[in-house]
Amino acid sequence: METATNDPPQTSLAPVQASGTPAGTRPIIPEPFWRVPITWFRALTIERRVLASFSLVFVGILVISVVSYRNTRILIVNSRLDSRSHELVQLLANIDVAMNEAEDSHRRYLVTGETSYLETYQKLVEQKPTFIKYLDDLTKGSRDQQQRVIQLDQTMDLQLRAEAAAITELNERGHEAVMQLAIEGAAKQERGTTHRIIAELELYERQALRKRVMESAAGTTNTIVLLAVGALLQLVLLASVYYLIRHDIMERRRVAAELQRRGELLEAANKELEAFSYSVSHDLRAPLRHIDGYASLLRRAVGGSLDEKPARYLQTISESAKRMGQLIDDLLVFSRMGRQEMLNTTVNLDKLIKSIIYDLRLDLQGRKISWTIDILPEVPGDPVMLRQVFMNLIANAVKFTNTRPIAKIEIGVDRRTAREIVIFVRDNGVGFDMQYAAKLFGVFQRLHRADEFEGTGIGLANVRRIVHRHGGRTWAEGIPDKGATFYVAFPTRRSR
Amino acid sequence: MRTAAKPILLAEDNPRDAELALAAMEEQHIADKVVLCHDGAEVLDYLYCRGQFKSRLKGNPAVVFLDLKMPKINGLEVLRTIKTDARLRPIPVVMLTSSREERDLAESYSLGANAYVVKPVEFHLFLSAVKELGTFWGLINEPPPEGACCGS
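Protein chains in written order, with our numbering: chain A, 11 to 506; chain B, 47 to 198.
Warning: the hint list may mix true and false statements.
Unchecked claim - From chain B, some residues computed to sit far from chain A (all C-beta separations above 10 Å):
1. Arg62
2. Lys100
3. Ser101
4. Ser144
5. Glu153
What the hints assert, rightly or not - Here's a subset of chain A near chain B, in silico, CB distances under 7 Å, partners left out:
6. Ala285
7. Tyr288
8. His292
9. Arg295
10. Ala296
11. Leu298
12. Arg299
13. His300
14. Ser306
15. Glu329
16. Ser330
17. Lys332
18. Gly335
Claimed, not checked - Among the chain B residues that face chain A by a calculated CB cut under 7 Å, a handful are:
19. Leu66
20. Lys115
21. Ser145
22. Glu147
23. Tyr155
24. Val167
25. Glu168
These are computed hints drawn from the structure, not numbers from a lab.
Beta carbons are placed, not taken as given, at the ideal position from N, Cα and C, and that holds for glycine.
In isolation and in its complexed conformation, chain A is listed as follows (with noise of 0.2 Å):
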């Protein structure tokens, strides 16, 4: 049941889309390329189909996992970086206050020759490394920023070295000479080179920021967008896969009914097959009894006065009785070898054809038989049911061989594969016609007249079905007049 549907998926699947139409002898409508994965889907066992969307969901999760891990990490990057860039800003507009500071007081001191001026001037300088660096760290990771650092410090180092010249020469020629300095400002042009470059660095890091803020903004919708969509996406997924897995349920459910219910019935059918043949064994029994009771009885009350033909009729009824009775009791057995239960053991070949051949010791009296036995494997089975089995083989092959001044029986192991053991029972007797070996096993089958070889036809009947019980099989090969080989294969292992 399930392998049958297993197998046809892989046709379906990759064909149609490249050339249009799959390999076919019958041209059909090419199937549009966004039926394909349903065509696919539905060709699977229900495992494949959850086990599918299971996948489906598993990557769907996957994809909105990775998606917006990302996204929350450039957010958490560009916060940081936008932290970074409020204090670049705050520091430059410190820097920016301090140059403009630094020169004021540098200016006053040149006009006043007032030390006390120099000191926002003195700290400047011994900032201005401090500066350089924090700048440096805080545009790290923008080339253009830091080329705007190197810039700044190198016009700050301009502006710092032309105001500690103005103090040299105040120092060395008093305030005559640095009085145009004072009034121009020492470092006038340095000044706003260095202005210019905060400016330029400002206003960078403020587009930045802008683009950042609107990147994160663009993401965390991403972000939720994509939640939402995928969120309900998995929903449908597992609402079909839980579909999927009810629908499945609910019919294997209503198997298991049907199984149940067809089990009762065989049970009922069973139950009825045992009374009937119990009522087989008693009641058709009695009839037969009376029949040749009173056949006996009537030959008895005449006594010698019969002539020779009303005795050969009295004979002929009590033998048909007879005879009616071993064929219900061939019957039974038959039916018995359907129902009874099997014992699971192993049974020696060996002991039991010996064993057989013992108890047919009676039978062989007068027969010259020449008997070739080989070393016969052992085989899982019912040693009942096995003796039954080879008891008929042999009685038939003793039966069919009498005609022959000396019988031939040849038993055998054929072949023994991994799967299989053969074994074969040969005579040399009356053989038959190959175009009758399939009639062979049926019940109440004969190929040889009543008069010929007497048997009711049920004995090969019961070693097929026996034979079969085992896992095994059965087959004959013969040549009329020249003889017959039965052939049992056994399996090696059982396989119930």
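Please build the complex by placing chain B on the supplied structure of chain A, with the hints as guidance.
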């Protein structure tokens, strides 16, 4: 002989079987000792001296030949009744039946049957079987000593 007076109880619902059995016993000259019952109920009536056997001579039969399939009360039920009644238990019971079914055999013996004989289809075999049974149980076998059997 004291035992010669003891009757043989034959439970057989089929008149033809009964006639054939009686014909066999006649040859052994024991037919006159046979009491024929046509169903299980009659067997129990006989054993308990009731119904049509109310005024019979007291005493258990030498043996009961019991068919399995009988109207009213079947052989196995009769057997169970006999073997669970302390006063009847000593009576030898021989199942005489057409059935060779394993479960009939098993159940009969587990209920305490003394013998189980399958009626052969061939008359001469049937004849010799009934003769031997009659001879053995009716003449050779020493029946149990008389117990207080009938309720009367």
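Discussion item. For the restraint on A/Glu329, tell me whether the closest CB of chain B is nearer than 7 Å.
Written reply: 10 Å, violated
Discussion item. Would the hint on A/Arg299 be counted as holding, given a Cβ-Cβ threshold of 7 Å to chain B?
Written reply: 5 Å, holds
Worksheet item: Holds or violated: A/Gly335 as interface residue toward chain B, Cβ cutoff 7 Å?
Response: With Cβ-Cβ at 3 Å, under 7 Å, it holds.
Worksheet item: Going by Cβ atoms only, is A/His300 closer than 7 Å to chain B?
Response: 5 Å, holds
Worksheet item: B/Glu153 clear of chain A by more than 10 Å, beta carbon to beta carbon?
Response: 13 Å, holds
Item to complete: Mind checking the CB of A/Arg295 against every CB in chain B and telling me if the closest is under 7 Å?
Response: For A/Arg295, the interface hint holds, since the closest Cβ of chain B sits about 4 Å away, which is under 7 Å.
Worksheet item: Does the interface hint hold: is A/Leu298 within less than 7 Å of chain B, judged Cβ to Cβ?
Response: A/Leu298 check passes; min Cβ-Cβ to chain B is 5 Å, inside 7 Å.
Discussion item. For the restraint on A/Tyr288, tell me whether the closest CB of chain B is nearer than 7 Å.
Written reply: 6 Å, holds
Worksheet item: Can we keep the A/Ala296 interface hint, with Cβ of chain B closer than 7 Å?
Response: With a closest approach of 6 Å, the A/Ala296 hint holds.
Discussion item. Can you verify the interface hint for B/Lys115: is its Cβ closer than 7 Å to any Cβ in chain A?
Written reply: 6 Å, holds
Worksheet item: Can A/Ala285 be said to touch chain B, with a Cβ gap under 7 Å?
Response: Since chain B brings no Cβ nearer than about 11 Å to A/Ala285, farther than 7 Å, the hint is violated.
Worksheet item: Is the nearest CB of chain A more than 10 Å from the CB of B/Ser144?
Response: 4 Å, violated
Hint violations for this structure: numbers 1, 4, 6, 15, 16, 23, all remaining hints satisfied.
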